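Join the two chains into one complex using the hints; note that each chain is given alone, in its own frame.
Residue numbers (the numbering used here), protein chains in the order written: chain A, 150 to 666; chain B, 8 to 502.
You may find that some hints are simply not true.
[Said to hold, decoys possible] Residues on chain B that point at chain A, a partial pick, calculated with CB under 7 Å:
| # | residue |
| --- | --- |
| 1 | 340 |
| 2 | 341 |
| 3 | 417 |
| 4 | 432 |
| 5 | 436 |
| 6 | 437 |
| 7 | 450 |
| 8 | 451 |
| 9 | 454 |
| 10 | 478 |
| 11 | 482 |
| 12 | 484 |
| 13 | 487 |
| 14 | 490 |
| 15 | 493 |
For the record, the hints were derived by calculation from the structure and aren't laboratory data.
Please read all numbers here as calculations on a predicted model, not as lab measurements.
No residue lacks a Cβ here, since even glycine has one placed at the ideal position from N, Cα and C.
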Amino acid sequence: MNTFESWLLLIIIMIPLIGAAVFIFMPKDREEMIQWSATILGLITMVLSIYCFAAYNHNDGGFQFANSWIWLDLPSNPIIGQQAIQLNLGIDGISAPMIMLTGIVMFTGVLASRSISDRPKEFFVLFFLLISGVFGVFASLDLFFLFFFYELSVLPMYLLIGIWGSSTDFKTFIRTKEYGAMKLMLYLVAGSVLIWISILAIFAESGLGTFLIPALSEIDFNTTFQLIIFPLVALGFGILAGLWPFHTWSPDGHVAAPTAVSMVHAGVLMKLGAYGIIRVGMFLLPEGAEQWAPVLLGLGTVNVIYGALSALGQRDLKYVIGYSSVSHMGYVLMGIATLNVIGLSGAVLQMFSHGIMTALFFVVVGVIYERTHTRDIGVLEGIAKKMGWVAVLFVIAGLTSLGLPGLSGFVAELLVFIGLFQTYPILGMLGIIGAGITAIYILRLVAKVFFGKLNEDIWNNMVDSKFSKQADSNYWERVSSVVLAITILVVGLFPFPFIKVIDTGVTEILAAMAGSL
Amino acid sequence: MNNLSFLLPEILVVILGFGVLTIDFFIPKNKKWSLPYIAILALTGIFIFNLIFLWGKSDELYGGILRIDGYSLFFKSAFLILGAALIASSVDYVNKNLSNPGEYYAILIFTVLAMMLLSSSGELLTAYIAVETLSFGLYVLVAFDRYNIKSNEAGTKYIILGALSSAILLFGISQIYGLLGTTQFNEMAEVLRSNNSINPGLLLGFLFLIAGLGFKVASVPFHMWAPDVYEGAPTPITAHLAVGSKAAIFVLIIRFFVTGMMPLMIDLQIILVIIAALTMTVGNLMALVQTNIKRLLAYSSIGHAGYLILGLAALVSINQEGGMTLAFISNTNLVVNGIILHTIAYGISNLAAFLSISIIYKKTGNENIKDLAGASKASPFLSMVFAASIFSLAGLPIFAGFISKFYLFTAASVQGLIWLVAIAIFASLMSLYYYLKVLKYMYIEKSEIDNKIDLSPIAFVVLSILFIAMIFIGIYPSPLMDAIQHATYALTMVN
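So that you can see chain B by itself, here it is in the shape it has in the complex (with noise of 0.2 Å):
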């Protein structure tokens, strides 16, 4: 009971979203406005704490459900500071469009706590939880603009999909109880290190748990959500979607394949190496042909997934026979730093262009493409922090999104994957003509917005942030990275 205390950064993400739910319902009409700001305070004191109280700390929790480790710390923090970021970049969207701020912000913190809990859940069905959680909280804000008809249809499309590949994901990881006898990822490692022959039943369960969180994080095959449910959400969450609850399933999956699957990483090897080509490819190729910029920047964010699956595909090498030697273990890390670079180069670069366009099409109304013609004008320093996110997020220097795919690429090609990592980067050429395109139309088009575009002062702050953190990754990832080393130390050193 005494390491119940390990919790306390959860517990108080849970009081703040009750507090802010009650501070909604008791302070006068004109006074809401102060209930984001209080949100953030509180999610940055939460985080601040947070680095202190677990700093150096490693436990396991009711016998290995839940793990307090270097990891865990690592996202924890991350979320806290990825949900102040998207409660900040949500203000003057709800302000604008939404009725119910309470509400929006109460659940918005729901989803961080769900995200912290996957970031150290030790176990399946903790997992499953953690991802409902998530799930059910996005579900609700996709189809938070009710007078929006596109949102009301967002979050139909979004709940029953989302429903059945919940379902698909329980059926999963009954049949590998059922079959190893354990949901702890420890012990299935030992279980499945100790058995030589591969039950096929038990490769059935993981073809569907990698079904269920394949949707959840929209790859090719199971990606045909997205698209809809990016265009119809309210853009804030949006941003969401593709950023936080995309890279919490990663975070999950990268401990899941790490401490539990390893022993069996070389027979689903070809199975991520395809979804992975796949979902690169058909991502960036739909891209090329959208008119709409939140459809477009959904299929970019189905390439990113791709290549972090490229990643998780890159965990082990092919002539990686037997037992881990420290060499491969080494191989590993490097894999694991790269696909959490990525992640977080990409959820920087991609909350940036979200916030960025949510400003511009609150002016313009639209959501085409050709509608930001003459964005340069009305405001440069929003459309140079567009800019740079889009460099970003195509992979050029000196924007964090280059170092974050160097490094992922280099990592998978030393685990001999060098033909997928060919693939990849022909599908970041691909995506380089459409990045290009929103380009060509902020700078070069003639002006369609004919008036200034005000910034309000927590945008402004959002931004220039987001954007100095862009280029302080991009010129010196290295403090970045020696966290990162710390988080993967965790995993990798269990086994």
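Bound-form chain A, shown alone (with noise of 0.2 Å):
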């Protein structure tokens, strides 16, 4: 390996967290330098990403692009002698499509926020502390950086739904930005929290001092601390992947967000729950995750058929699309839970899958709402007509959504199904039922949003003045969600690049829980 790929993980991660820095002693006049600054760091991060995918090899397996740096030294211990906490960097064949998708997800993200007005440089800042913090949650092999860049990733989150996000009033529901954001933001810590504990708890018990994940991995946690402790991860973890009864921050933070933040959020965070999950807990903890797989399969249907249920209820266009990721994110859940090889990879493939559907979801949504300044259901009608590229976009997500052959929703679902029916038939039933009524919802709001009869009279009262000629998405907006588009498309016709990488990394996990049991 060359000096590039050892180094490659730090630059993927430095390069946002070195941008946010520069931004702040950028010139606040000079809003078309921070846009284009933005930009090509963004491109930049994302080619570097997708490299890193495209680079691990999938015959060698493990962990690769592997480095570390010594960080902090703890006091010598006769016992255990000179530990340090290290920055101890690597990616397997599950964070690296994590990787690739925060790169593309950024990168889109980026573009879509170009018609951001109200302190743009603030945002950046803000937003390139985010991505920080997720690329190096992925990228991390160690508890304490692990930790570390999930609370840097939180952190912004604030502040960037209470100033640039938006309110839904439909008189008699009414959710302001700043409920959305603090409620988030307690959802999140509160995950944290339980993450931070058993954390704790895991570095006492090992007695290792040492926070590194393979190190960890070796050893084996007696019986009844991994059944106390898996559930507390799990749930940490879980409230982060939107696991029901804890998902309602989702939909809320999600609709209160800006476009971008919300791409970022129901795009990657939430990953990063689900991936929290399987290297924490699977990786750390397999016989607690042995022994609570049945819960979590039961919650993760729960989450499918509830999610999609909600979904099916809903007025505002964006909370249509928050739902539905509580329902997608419950494949996730059900696929970990499977415990095999075809449903933990059809999970992890439904992780990146469903990012890029959803960041296109909330693009395209972003669009409509900043022209006619509404998302309601029940006021837009027929919108196809003016805004083409909106529509079809749209229509792409929403038929991967429902999860039609092709496209990559479909592959990553059948996965999961193939390996519920290998363990749980009847809740991979209840599973397809979910599909099932994602596709009422989807199909329901597309014949009526963008092809129902347009009704001119009120399309021009709603959109927004600056808009009146020209209504559908502007050249940045298009190339951002054509990126994510061709994405999806590729993962759907050619998955077996994609599954070849997944597999390794989920094959090494089970079998380090194999092996432990």
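So, in structure tokens, the structure goes:
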């Protein structure tokens, strides 16, 4: 491995972080300069992250691009010797697609944020901090830094949503953006509280004096400990993944957030929760995972059905997508809980596929909201005539969501279902019913909002005067959404390279589990 | 007599204190602005002198009454810098609100002297005298805004309750002296180790001692004075109360516990655990409902004292029977490192927070949280530093507060107090709510402050330094940790 590759992950984490620091010193009135530098940094990061995935050698497997730096020495201990907290980076078959996902969503998110006119400098500073944190979590092989980067990605959320977000007001149903921001923040930190406690418990129990995940995974923690700590880990990360009944922050938070933040949040941050369950929960506490898997599976099933039913009843376009995220994350949780190679691979692919799909949803809904200042399904009707690009891309996302063959969602969900039928056929049936409900709410939505009968008077009232001539997405938004749509098609049509990489990671985790049971 | 020279830094500080008073007496009124700058320069000079002069020296003065070691060197330097920072952040406030700047700065310098003595005292009565010197300075400083009724009230409250707590402290010391026959930390440890059974009277003495010191650091249930006094005192003095005096007392307590009370710590642990749990939860719960920003920060700093007391409770582990093995000492090292690191991180963040609010409220005149509205437009830099200090206090990365909390909690859970750590972590979740409320008013609410806030150059410099320090410690704590480690070894290797 050459020097560049061993530094690659650190570079990917540092580009947004340093970018954020540089933005602070940029003059406030040079918006163009800030937007362009954000775009360029986003592009570079995306290319690097795709390289990361493409260069991952699935024949070798294991942790690649690995490197470590000693960060903080702990007091020397005569029994366990000198230990230190290390910044230890590396990716395996599970985190490689996640890194690529983050890169793609970051770039498209930056493009979708070019229209932000209120304090763009501060926006990009906080947005880049968030991205850096997300990259860090996926790349860290050290519990301390995993937690460090997790908290780093939580930190800017309140301000991002509170300042640049939007409130929902249906007279009978009012959710201010401050409410959404506070709720999201408190839920996420409540999750991190549980994670923090379990990390400390694992550290203390292991007696190794290190936070390194590979080293800790060698230890057989005793069964009682695993049974107590695994639910803490699963719940802590599960809150982030939208686990029912702790999912309510997710629709409220995503709706209140500005477009790019919703994209990152629903697209990537929720995956971070599922990733954490796999990396910390299953890898370090296999017995606990084995014992608690049925519970996780049950809750995942509720997620699928409950999320889909809730989406069916929403009036706000963004709430529909918010609840559809809850429903789709249910497949991920179910896939994880099958504990077999196919199901778990499906879960990881679903994480990737849903990340891209939901980002695409939020881009187009963001465009609609910016043009019309409403997301009310009751008011929006037949807008495909005015917004052709938006309609096409929304339909692509929608079809992915309901699992049309040829698109990425189909492959992922199919794998999850196959995995489920091997272990719990009945729950597999329920999962398929969930997919059916998804088809109902998506198709109903598409039929009315995009292909209904356009009433010109309502439209003229509704549309922002700035956009009355050209209501369709602008150049940047088109690039952003087309990049996402192409990714969906590529994964849907050529899933094999993705599955091969994911397989290596999944097999190793399950082998480690089987070895310790 | 020869080793009296080890006290040179202290002697220089005394000379500086009287020097400021004298200069104040002679220079004309329109030149008095120069006083704080003289004091800052001199304190920085003494800081450098102190570092060079005492580097690597280790000795005890007057048969162990004062100890010159890595620990005292570290904290003497820290307190000298803290003194300079406090004076620097007082400049604007004093010029606008207070008369008699000479006395103000001189008394502040004397409290720095008291803090330096606290960090090196190895004996209870010396420590008591240092505590009193510190407290007397603070009594005066709290009431320094003499035409402000709140400041007067705060001063009165503080002196009455402070005197009471000093009496309790002194009673505890006399009880201990009566039963152990010594007030020196080292000798106490020896006597305690040779005694197999614990005298109930002795336990009572320690309880009184803990109560007296608990009052000084505003731990629950001895915290009632804190919010009123914090609210009434001039804001830079509030910062002093929250940072300087609290840190100094903790510095004393750490040395006392580690070098003097280790054999008894197992028996005292339950008391400390209860105080820690109460202090963390009550402090953070009460902060939730505050509308005055200084009261909010007062309760928040009560909560932070709770985390530090959690560290004290974790100095020994429950399964540590009998003698001290090297492995246990290395765990104790971990805990002491954690307490010191958190004290410093908390101190820096709190200083930044108090300096920011003293500048913002100089503009608005009120001290309610909602008067912060629009501060981010009025001064983006100031609000950025304030937001950073809030994040740091809340314990989020990349700021100092994250790593310090993580380190301290890790250390405590290694010692087997994981459930108490869980309480602490939940308490810090609660704290996030009120910290975010402050942020909300600053960044999201519409503007109340209609025009720009002008930062004076000195305030700008201090804020920048604090901001950089918060981030630097947050992302690269290694150099600071090496220094702390050095200080900790000086304590634990004595045993």
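Here is what the structure says about each hint:
The restraint placing residue 340 (chain B) at the interface with chain A holds, with a minimum CB-CB distance near 4 Å, inside the 7 Å limit. Among the interface hints, the one on residue 341 (chain B) holds; its C-beta lies about 5 Å from the nearest C-beta in chain A, closer than the 7 Å criterion. With a cut of 7 Å, the hint placing residue 417 (chain B) at the interface with chain A holds, because the nearest CB-to-CB distance is about 6 Å. Interface hint at residue 432 (chain B): satisfied, since its Cβ lies 5 Å from the closest Cβ of chain A, which is below the 7 Å cut-off.
Evaluation of the residue 436 (chain B) hint against chain A yields a held restraint, the C-beta minimum of about 5 Å falling below 7 Å. A cut of 7 Å between beta carbons decides the hint on residue 437 (chain B): the least distance to chain A is about 10 Å, and the hint is violated. Contact between residue 450 (chain B) and chain A, as hinted, is supported at the beta carbon level, the nearest pair being about 6 Å apart and thus within 7 Å. Taking 7 Å as the C-beta contact cut-off toward chain A, the hint placing residue 451 (chain B) at the interface holds, the least distance being around 4 Å.
The closest approach between the C-beta of residue 454 (chain B) and any C-beta of chain A is roughly 13 Å, which is over the 7 Å cut-off, so the hint fails. Evaluation of the residue 478 (chain B) hint against chain A yields a violated restraint, the C-beta minimum of about 9 Å exceeding 7 Å. A hinted interface residue such as residue 482 (chain B) counts as satisfied when its beta carbon comes closer than 7 Å to some beta carbon of chain A; here the least separation is about 9 Å, so the hint is violated. For residue 484 (chain B), the shortest C-beta to C-beta distance to chain A is roughly 6 Å, which falls under 7 Å, so the interface hint holds.
Violation of the interface hint for residue 487 (chain B) is found here, the shortest Cβ-Cβ separation to chain A being roughly 10 Å, above the 7 Å cut-off. Taking 7 Å as the C-beta cut-off, the interface hint given for residue 490 (chain B) is violated, the closest approach to chain A being about 12 Å. Evaluation of the residue 493 (chain B) hint against chain A yields a violated restraint, the C-beta minimum of about 11 Å exceeding 7 Å.
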